[in-house]
Amino acid sequence: MSTPDTLRSLSDIYRFFRNNTTPIYFVSPTAYNILGLGQWIQGFKYISHFDSFDGGHFRVTNPTQNTEREFQSMEDMANYLLSHKESVELFEKSGGKGKILTVMFDEKTEEIAKSLGMEIALPPASLRTRLDSKIVTTQLANEAGVPSAPNIVDVEASSYAELQALADEKKLGNKLVVQTPYGDSGKTTYFISSEADWDKNADKIVGETLKVMKYINHIPGTVEAVATRCGTLVGPLQTDITGYEELTPYKGGWCGNDIFPEILKGEQRDKIILMVKAMGDKLYETGYRGTFCFDYLVDTDDGEVYLGEINPRISGASPLTNLVTSKYGGIPLMLLHLLEFMDVEFDIDIEEIQKRWADFDTWTQLVLKHTEDRVRMITKAPKTGIWRMDDDGDINYVRQSIDWGNVSDNNDAFYLRVYGEGDYSYLGADMGILIARGRMQSDDRQLLPRASKWVTAINKEFEYKELEELEVPYIPTDNVRKML
Amino acid sequence: MKNLQFDVISELSPGEKFSELFSKSWPAYRAWYLDEGEEARPSYLECINALKQHMPELVPLYKKLTTLLDCDDLQARFLSLYCPPTFYSACSQLIYKKEQTALIRNYDFPAFLCEGTIMQSQWLDKKVIATADCIWGALDGINDAGLSISINYGGRLVEGKGFGITIVVRYVLETCSNVEEAIEVFRRVPVHLDYNIALVDKTGNHSTVFIAPDRDICVSHATTSTNHQGSVEPGKPVFLEDSVTRLDALNKLAAQQETTLQDSAAQFLYSPLYRQHDIHSSGTLYTVVYLPAEGQVSYLWPHQSLNLSFDLFPEQTLDIHYV
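Protein chains in written order, with UniProt numbering: chain A, 1 to 484; chain B, 1 to 323.
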C-alpha cells in the first residue's frame with residue numbers, strides 16, 4: 001500500500017535524509033568505512049576509537065580511554081565505545097532513540113542498544129553469524145542458482161587420504177583449496193596439493209567443518225550490494241588488491257581495492273551483477289536486509305565467474321562503493337541500506353538507480369599495514385588529509401580534509417591516519433588508508449610503480465622510538481588487527 | 001603507631017569542599033577500582049542504568065556530582081559504586097534500647113583505607129551527617145528525619161551483582177525517614193556482598209537486617225551484630241574469628257538492664273569490641289553513637305571525643321593516633 005509519504009525517487013530520498021531527525025551513529029575503530037555520509041544525512045555522527053582527525057571532524061567523537069584495556073575483538077571495542085560515558089551523554093543530548101551502525105557487533109551490542117533505547121540498523125547478530133559461515137553461504141547460493149567454484153561443503157577430513165577421497169568423489173582434482181567456516185581473508189583458507197601441505201595445516205583443519213574447492217586460477221573481486229524490499233541494488237565491481245608484501249604481512253591478505261570502468265566488460269560483468277542480485281534477493285528471503293559484500297572469482301582459464309564468499313556487513317568495500325555511487329550522479333549505496341531500517345516507506349525503481357553508476361572515474365584504496373615484525377612507539381605519523389606527490393616521488397601535505405572528496409587529480413591522495421603519535425606499531429597493524437584517483441594495480445595483478453611510491457613515501461613520514469626495557473605495550477589479538 | 005586524620009566538613013550543596021575531597025581520595029580509589037583490571041568493572045552505561053533502575057532519586061544528584069567533578073568515564077563508573085571490587089572489614093553494632101534509643105558502632109578497618117571524613121550535607125531535602133566512604137557513600141549516618149543507619153560486613157566471601165553497600169546507605173539516608181522505609185530499600189536494591197544493617201529511628205523502632213547477594217533479606221529484631229550472619233556451627237570457621245566473641249560481648253552488654261548509654265558506649269573502647277591495631281589488620285578506627293530522636297552524633301576514641309548535631313556542627317580536623 002502506498003501512502004503520500006512513500007519515497008519514490010532519488011530526490012525523495014535526498015530530501016528524507018536531509019530532513020532526518022533520527023540520530024544515526026557509526027560506531028567503529030575508525031570512521032573510515034562510511035566516511036563522508038554526514039554530507040547526506042542530517043543527524044549523522046561517528047563514534048570512533050582512533051582520533052584520525054585530531055579533533056578536526058565535527059561529527060566525530062572519540063571517547064577517551066582512561067586506562068589500558070585489551071580489546072578482545074572489534075565487537076568488544078564497539079561495545080566499549082557504546083557504553084562509554086561520552087557516548088551515553090552524546091546519545092542523551094541528542095534525545096536518546098536513534099540508530100546504530102557498526103562493522104562488527106554481537107548479542108551484547110544488541111542488549112546495549114536496547115538499554116539505550118536505540119536500534120541497531122543492521123540485521124540481527126545471530127543471522128549475521130549464520131550467514132558468515134562459508135558453508136551456509138555456499139548452500140544458500142546453490143539454492144539461489146548462484147554458482148561457486150566446484151566444491152564440496154559441510155564435510156570433515158581427518159587425514160590427507162580422507163581429503164583426497166572427498167575431492168575425488170566430486171572430481172575436484174589434486175590442487176585443493178580448503179576453508180574453515182569462519183575467518184578473515186587469507187587466514188582460514190588453506191592451499192593443499194600435497195601431503196606436506198596437509199601436514200602443515202592439519203591442526204587447523206582437522207575437527208572443523210570444511211568447504212573443499214577445486215583450485216582455479218582466478219582474479220578475485222568484490223562488489224557491495226544492498227538487499228531491499230524493492231530488490232537488490234548492486235554497486236560497482238571492484239578488484240581486490242591482496243597479498244603485496246609492501247602492504248601486508250599476511251599471505252593473500254586483503255590490502256585494498258581498485259574501481260575502474262573497464263572491469264570485466266560485457267557478459268562476465270552482466271553475469272556477476274545477476275548473481276549478486278539473485279544472492280541479495282535470497283538473503284532478503286532469509287530475513288537479511290541491507291548491505292552485504294559479494295566476493296567473486298573469475299576463472300582466468302575458462303572465463304567462468306563464481307561466488308567466492310559473502311560478508312554480511314558494512315565492509316572494506318563500502319568506502320569506494322559509496323564514493324562511486326554518489327560522486328557520479330547517484331546516491332551513496334549506504335543510504336538505501338539505511339532506508340530499510342528507517343521508519344519510512346519506499347518504492348523505488350532499482351534498475352533506474354543502478355544505471356546511474358554505469359560510468360565513473362577510476363579510484364583506488366590501499367590499506368597500509370605495518371609489515372615489519374618490530375614493536376616500536378610511533379613518535380610522528382602522517383596527518384589525515386590531502387597529500388600530493390611530486391615528480392621525484394616525494395609527498396607533501398597539501399591540506400587538512402575530512403574526506404576524500406577533494407582528491408583532485410592523479411597526483412593527489414587522501415590519507416586517513418589510523419595509528420598516530422604515542423601508539424605502538426606492531427606486525428599487522430592497520431597504520432592508515434590511502435585513497436587515490438587512478439589505478440594502483442595492473443590488469444595482470446602487479447602493483448604499479450606509483451603504488452609502491454606512495455607506500456614508501458607514507459611510510460617515510462612515520463618516525464619511531466625503540467621501547468624502553470620494561471615497557472610492555474598492548475598488542476591487539478589477531479581478532480582486532482583487522483580494523484576495517 | 002598509626003594515625004588517621006578526621007576532617008569534619010559541612011557543605012550543604014556539593015561544591016568546593018566536596019571537589020577537594022574527591023581530588024584527595026581519587027588516586028587511591030582509582031588503584032582499588034582497577035585492582036582486577038578495567039574490564040572487570042561494569043561500563044558507564046551499566047552503572048547509570050543500575051542507578052536509574054534501583055535508586056532513581058539519586059540519579060540527578062549523581063549527575064550533579066559527576067558534572068561538578070568533571071568526571072571521566074572511569075571516575076563516573078567508580079562513583080556509581082555499581083559492582084565495585086570487594087572489600088572486607090570487621091565492625092560491631094549495638095542498638096541500645098533503655099532510657100533512650102541509640103545506635104552504637106565500632107568501625108574496624110585499616111587506617112590507610114579510611115577517608116576519615118565526617119560530613120554534613122543537604123543534597124536532596126534531608127540534612128544528613130555521615131561518615132563518608134567512596135566519597136559520597138556512607139559507612140553510617142543520621143538524617144534530620146530521625147533515622148540512623150550503620151553497617152557491618154556480613155562475613156561470607158560470596159560476591160554478587162549489586163552495589164557497594166555505602167552508596168545504598170547514602171540512598172537510605174537521603175530518601176528514608178524511618179526503619180520501615182529503609183527495610184524496603186534493602187528488599188529491592190541489590191548489594192554485592194553480605195552485610196548486617198543496623199537501623200534505628202526517632203520513634204524508637206529498630207531492626208537489624210541481614211542482607212546477602214544470593215539470599216532473601218532477613219529482617220530481625222536483633223539489637224546486636226558483628227561479622228557473621230545466623231548461627232555459627234561449632235567447628236565451622238568464620239571469616240573473622242573474633243566475630244563470635246564480639247557478638248557475645250555485645251549480647252552481654254544488651255542484657256544488662258542497668259547499663260547507661262555512656263557505659264555501653266565506653267565498652268566499645270575496650271577489647272574484645274575494640275580491636276587493637278597492633279593485633280588486627282582491621283583495627284577500630286572510631287566508635288560512633290547516634291541518637292536519632294535528638295539529632296545528635298558522638299564520635300569516641302580512647303583519648304578523644306567529638307559531639308556533633310544538626311544545630312551545632314563546627315568544622316575541624318582531628319588527629320587520631322592508634323596504638
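Hints listed in this document are in silico derivations from the structure and should not be mistaken for laboratory results.
One or more of the hints may lead you astray.
Stated by the list, open to error - Computed cross-link-like contacts, SDA-like style, restricted to lysine to any residue with a CA-CA straight-line distance of at most 25 Å:
1. A/K114 x B/K24
2. A/K383 x A/D349
3. A/K108 x B/Q53
4. B/K161 x A/I152
5. B/K127 x B/I183
6. B/K24 x A/V206
7. A/K108 x B/K52
8. A/K204 x A/E262
9. A/K108 x B/I183
10. A/K108 x B/E159
11. B/K161 x A/D76
12. A/K114 x B/K2
13. B/K2 x B/C114
14. B/K63 x A/K204
15. A/K380 x A/G287
Each hint tested on the structure:
1. A/K114 x B/K24: Violated. A/K114 to B/K24 sits at ~38 Å, over the 25 Å cutoff.
2. A/K383 x A/D349: Distance ~42 Å between A/K383 and A/D349 Cα, so the pair is violated.
3. A/K108 x B/Q53: holds (19 Å)
4. B/K161 x A/I152: Not OK: B/K161 and A/I152 at ~48 Å, beyond 25 Å, violated.
5. B/K127 x B/I183: It holds: about 20 Å lies between the C-alpha atoms, which stays within 25 Å.
6. B/K24 x A/V206: violated (58 Å)
7. A/K108 x B/K52: With Cα atoms ~20 Å apart, A/K108 and B/K52 stay inside 25 Å; holds.
8. A/K204 x A/E262: Given that 25 Å is the threshold and the Cα spacing comes to 39 Å, the pair is violated.
9. A/K108 x B/I183: violated (34 Å)
10. A/K108 x B/E159: holds (23 Å)
11. B/K161 x A/D76: With Cα atoms ~21 Å apart, B/K161 and A/D76 stay inside 25 Å; holds.
12. A/K114 x B/K2: With a Cα-Cα distance of about 51 Å, the restraint between A/K114 and B/K2 is violated, given a limit of 25 Å.
13. B/K2 x B/C114: Cα-Cα ~12 Å, so holds.
14. B/K63 x A/K204: With a Cα-Cα distance of about 51 Å, the restraint between B/K63 and A/K204 is violated, given a limit of 25 Å.
15. A/K380 x A/G287: The given pair, whose Cα atoms are some 47 Å apart, is violated under the 25 Å limit.
In terms of the numbered hints stated before, the structure departs from hints 1, 2, 4, 6, 8, 9, 12, 14 and 15, listed from lowest to highest.
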